[in-house]
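Chains G and U, in that order, give the protein sequences.
So that you can map any letter, position 312 of the first sequence is 312 in the working numbering, and since no number is skipped, the others follow by simple counting.
So that you can map any letter, position 119 of the second sequence is 119 in the working numbering, and since no number is skipped, the others follow by simple counting.
Treat the hints with caution; some may be incorrect.
Claimed, not checked - Each computed DSS-like pair below joins lysine-lysine, with the alpha-carbon atoms no more than 30 Å apart:
{"id": "1", "chain 1": "G", "residue 1": "Lys-532", "chain 2": "G", "residue 2": "Lys-489"}
{"id": "2", "chain 1": "G", "residue 1": "Lys-582", "chain 2": "G", "residue 2": "Lys-158"}
{"id": "3", "chain 1": "G", "residue 1": "Lys-549", "chain 2": "U", "residue 2": "Lys-158"}
{"id": "4", "chain 1": "G", "residue 1": "Lys-287", "chain 2": "G", "residue 2": "Lys-258"}
{"id": "5", "chain 1": "G", "residue 1": "Lys-357", "chain 2": "G", "residue 2": "Lys-86"}
{"id": "6", "chain 1": "G", "residue 1": "Lys-147", "chain 2": "G", "residue 2": "Lys-132"}
{"id": "7", "chain 1": "G", "residue 1": "Lys-556", "chain 2": "U", "residue 2": "Lys-347"}
{"id": "8", "chain 1": "G", "residue 1": "Lys-615", "chain 2": "G", "residue 2": "Lys-357"}
{"id": "9", "chain 1": "G", "residue 1": "Lys-519", "chain 2": "G", "residue 2": "Lys-466"}
{"id": "10", "chain 1": "G", "residue 1": "Lys-556", "chain 2": "G", "residue 2": "Lys-615"}
{"id": "11", "chain 1": "G", "residue 1": "Lys-86", "chain 2": "U", "residue 2": "Lys-347"}
{"id": "12", "chain 1": "G", "residue 1": "Lys-582", "chain 2": "U", "residue 2": "Lys-347"}
To be verified - Residues from chain U that keep clear of chain G, each with C-beta distances beyond 10 Å, as calculated:
{"id": "13", "residue": "Leu-15"}
{"id": "14", "residue": "Gly-90"}
{"id": "15", "residue": "Gln-121"}
{"id": "16", "residue": "Met-138"}
{"id": "17", "residue": "Asn-168"}
{"id": "18", "residue": "Gly-172"}
{"id": "19", "residue": "Gly-240"}
{"id": "20", "residue": "Ala-243"}
{"id": "21", "residue": "Asp-261"}
{"id": "22", "residue": "Thr-291"}
{"id": "23", "residue": "Ile-297"}
{"id": "24", "residue": "Thr-316"}
{"id": "25", "residue": "Ser-327"}
{"id": "26", "residue": "Gln-330"}
The hints are simulated quantities; they were obtained by calculation from the structure and are not laboratory data.
None of these values were measured; they are calculated from a predicted model.
Backbone N, C-alpha and C fix where the C-beta goes; we use that ideal spot for every residue, glycine too.
Okay, here's what each chain looks like letter by letter:
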Amino acid sequence: MSTDFDVIVIGGGHAGCEAASAAARLGVRTALITHSKAKIGEMSCNPAIGGLGKGHLVREIDALDGLMARVADRAGIQFRMLNRSKGPAVWGPRAQIDRHLYREAMQNEILNHPNLDVIEDGAEDITETDGKVSGVVGQSGKTYSAKAIVITTGTFLKGVIHRGEDRIPAGRIGEAPSVGLADRLYDLNLPMGRLKTGTPARLDGRTIDWDRLEMQPADAEPIPFSFLTDRIEVSQIACGITFTNVETHKIIAENLNKSAVYSGAIAGRGPRYCPSIEDKVHRFADKTRHQIFLEPEGLDDHTVYPNGISTSLPADVQDAFVRTIPGLAMVKIIEPGYAIEYDYVDPRALDHGLQVKALPALFLAGQINGTTGYEEAGAQGLMAGLNAARSVLGLPSAVLNRSEAYIGVLVDDLVTRGVTEPYRMFTSRAEYRLSLRSDNADQRLTRRGIELGLVGERRASTFHVKHVQLESGRAHLEAESLTPNEAAKRGWKVNQDGQRRTAWEYLAYPSISFDDLSKAFPDLDDIPEAIKAQLSIEATYAGYIDRQKSDIEALKRDEALEIPRSLDYASVGGLSNEVRVKLEMIRPSTLGQASRIEGITPGALTALLAHVRRKRTNQVSSKHG
Amino acid sequence: MPGPASYTGEDTLELSLHGGQIIVDLALAALYEAGARLAEPGEFTRRAFQAGKLDLTKAEAIADLIDATSVAQHRQATLQYDGALADLYGDWRQRLTECHALLEAGIDFPDEEDAPTQVGQPVLVILEQLITNLDAAMDSGNITERIRDGFQIAILGKPNAGKSTLLNRIAGRDAAIVTDIPGTTRDVVEVRLILGGYLVWLSDTAGLRETLDVVEAEGVRRAHAKADEADLRLWLVAPGDTAPAEAGSGPQDILVHSKSDLREADDVSRETFQISAATGAGVDALISEITRRLKSIGAQAEAPMITRARHRQAITSARQEFSQATSMLQSGYGLELVSEHVRQGSKLLASLTGHVEVEDVLGEVFSSFCIGK
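Could you put the whole structure together from the sequences, leaning on the hints where they help?
The structure is reproduced here in structure tokens:
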């Protein structure tokens, strides 16, 4: 086996798989180094993919020909489109995943990937030559050379598991953390922070009294994640819903001091959106119950993930409180829950290409950057792998804008604002949410993916066919028109303002469906159903998208104003000390990024803009002089 | 004074000199020779703003303070600097954050038992309160702008009622041509003065009458326009004449019988003002009545106010977004569209309230609702 590569990806989790695949798709010689091939694609936490914001990320990864959506389509056992009662911009595709099927499908992709070698070894160190990374030293003693490296090692930095009074140094349960690589990262003197997250006990589904529980079925017609998947073949299951009660809360409250979080043993900050059951009971003391989803981890797996009761209480307390819950009176715990505390690299140490500013050609992606979730990890992995390959090819980093993709929002939030809790995507983080929909991720990103060399032939041709169909469908709708009078005769409720409107404009009315239009213009019926649905969604938001255009233009203007990386902020007049320190730490690459840094005043921006402009004018005139 | 503790955040030298123009002139001459220059208007405040020492509303308040030419203006500028405005805007910001939090909790957490499923009603309540608050601020904003820019007082009446003479008498100088030929004043003549601590624009207008003269007709049209925008209207009636048909009797109108020196005794009732602008009789009583009325209008402006047209613009546009959001919520449009209007409205108010940050909204969601699947 070769030991000479262009890009080496360390870690075989969700970020690692996407990074390795993206780099390999660009045609550079890529290797993925992992402790164990059998662990590639492991879902270490909740066996589900997607949701609000997260589902959007999965669709975007897919639009750029990444792996996660296709793999999830082969492993999803309960597909649900969340928010179906609300507008399509905030629909969130989500699926419960069979962990075994997912691992199998992901390993199948990775182990058979062109341009990609998988090496079973621990990464003990990385080497540097001339101020750039140059290779990886394995625990086996072998060295592997590389022109760029992507580290996607999750929570391994000083990871400590807490359960009651027990402290176990670990990555995930049963995995030893890699000490050498961690030391190397600490030696780089990157800014670090500490976070925590938790997980609930895993239950034996055979000991749950399912008959007593409310069941939540899958959607009757599962909608796949991937734009390339026609239909879901995996059989679908239902999840159970149960609740804690006063008795449960009493046990938890009495044992609160035994929880690692409440005894003060944990310093790291946990996510506000995923509190432990101790937190819920303590902070919302007036609530008499909390909801729990009982999520089977697979079709042939009796492990059940009780979503909603993550905890770091001692095992015996977990046993006691779980049994007070309806349906779980006789339950057997397979593995008690725990909290894990770990260091992360402050992502403000990275540029928009996810490259470490202090060490060129080193990229970081996933939980190591302070995020949580498979989808957030996968999205970063894709961008880091892409940009690692581009750096090998001598190209500048590719960056997605906040107005183009949730991936753009994710990366920009991380490198500009940093994190104070494990970062998770929400649709409310995306200011252009009405145009960044899960249904149009392909229309937004696949062309870009083709230009970047990320997209294979099959997806490219599927995209082109759909794109042409959408264009001609829209043109057709714009060519047909009716007066309000004619519309009223058809029973449509429209303004009688004498204004002739196109079929496209009528489609924007909530009360007028595509079928109504087809009755007026029978030719429209030739448009394929999927295209009709897509056009209907686009028409709904068309007015808003136009409104947002000027916002987006302003954003692009600010993003086009580059600030030199080497700018001496001390020489910028009129900056307060506090602002200067922040700017020096983050070193924003554009005025737009500077404006999104917390605590940057309009005055500081004006001063910065004036300084950069003046400097540029001076440079230009001295060149001429 | 070493920075950054100084006003501008930069190192600053302050000289206290004895009064007397010669000392000041000598000191300035020495400073010029040493390479100093005079500050441009507002330059210190601009530097302080750029250094992040002042927020935008404070900087504007100081600009007003520097411009203040009357006691009332000064009082209001001081009020704004003290943060009364900042408190008002802080309250709006809090309401907006709550409103966003409700909408976003409804959108981003659909599977949560504790996340509100029916956010429409509470969102409506907040939006309607907010709209009421914006309207109140706009109303008082009108007065505030008047305090800053000056109240408008129009002198109105038929031709040759003595309007120009009254203007000259009040202004204490010949600001308009005074003749007794009817129709001499064809345009509006304005005098800027201070009455009872308020800045006032007193305007003399063309006599109101039907006319075929094109130039005079234009003067009459302008007089009507002036009457419409005025905060106070002085309606002048000459002896033996009646008040013009346009004359009102509201709190903005004062009926004045002019040329009292030419009147028979008891020609008019004692309740109306009788003046002789020519002799000055009764003019002081009229001035104190004008001052009394200005003070009662001005008193409404003691609450924190909107002092800039920029603020009014932002508030008007934001109000439109919020009322659009309200009606869409009532007609059953999707929350994501309602939220878009609220977001746009918040953005418009951001120059007043500061940005409503996503993190603050999420913080509100997580502290109000037990979310955690």
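Each hint, compared with the structure:
no.: 1; hint: Lys-532/G - Lys-489/G; result: holds (24 Å)
no.: 2; hint: Lys-582/G - Lys-158/G; result: holds (27 Å)
no.: 3; hint: Lys-549/G - Lys-158/U; result: violated (56 Å)
no.: 4; hint: Lys-287/G - Lys-258/G; result: holds (22 Å)
no.: 5; hint: Lys-357/G - Lys-86/G; result: violated (42 Å)
no.: 6; hint: Lys-147/G - Lys-132/G; result: holds (8 Å)
no.: 7; hint: Lys-556/G - Lys-347/U; result: holds (18 Å)
no.: 8; hint: Lys-615/G - Lys-357/G; result: holds (23 Å)
no.: 9; hint: Lys-519/G - Lys-466/G; result: holds (24 Å)
no.: 10; hint: Lys-556/G - Lys-615/G; result: holds (21 Å)
no.: 11; hint: Lys-86/G - Lys-347/U; result: holds (24 Å)
no.: 12; hint: Lys-582/G - Lys-347/U; result: holds (24 Å)
no.: 13; hint: Leu-15; result: holds (23 Å)
no.: 14; hint: Gly-90; result: holds (17 Å)
no.: 15; hint: Gln-121; result: holds (17 Å)
no.: 16; hint: Met-138; result: holds (24 Å)
no.: 17; hint: Asn-168; result: holds (48 Å)
no.: 18; hint: Gly-172; result: holds (44 Å)
no.: 19; hint: Gly-240; result: holds (57 Å)
no.: 20; hint: Ala-243; result: holds (46 Å)
no.: 21; hint: Asp-261; result: holds (61 Å)
no.: 22; hint: Thr-291; result: holds (40 Å)
no.: 23; hint: Ile-297; result: holds (34 Å)
no.: 24; hint: Thr-316; result: holds (17 Å)
no.: 25; hint: Ser-327; result: holds (14 Å)
no.: 26; hint: Gln-330; result: holds (14 Å)
Comparing the model with each numbered hint stated earlier shows that hints 3 and 5 do not hold.
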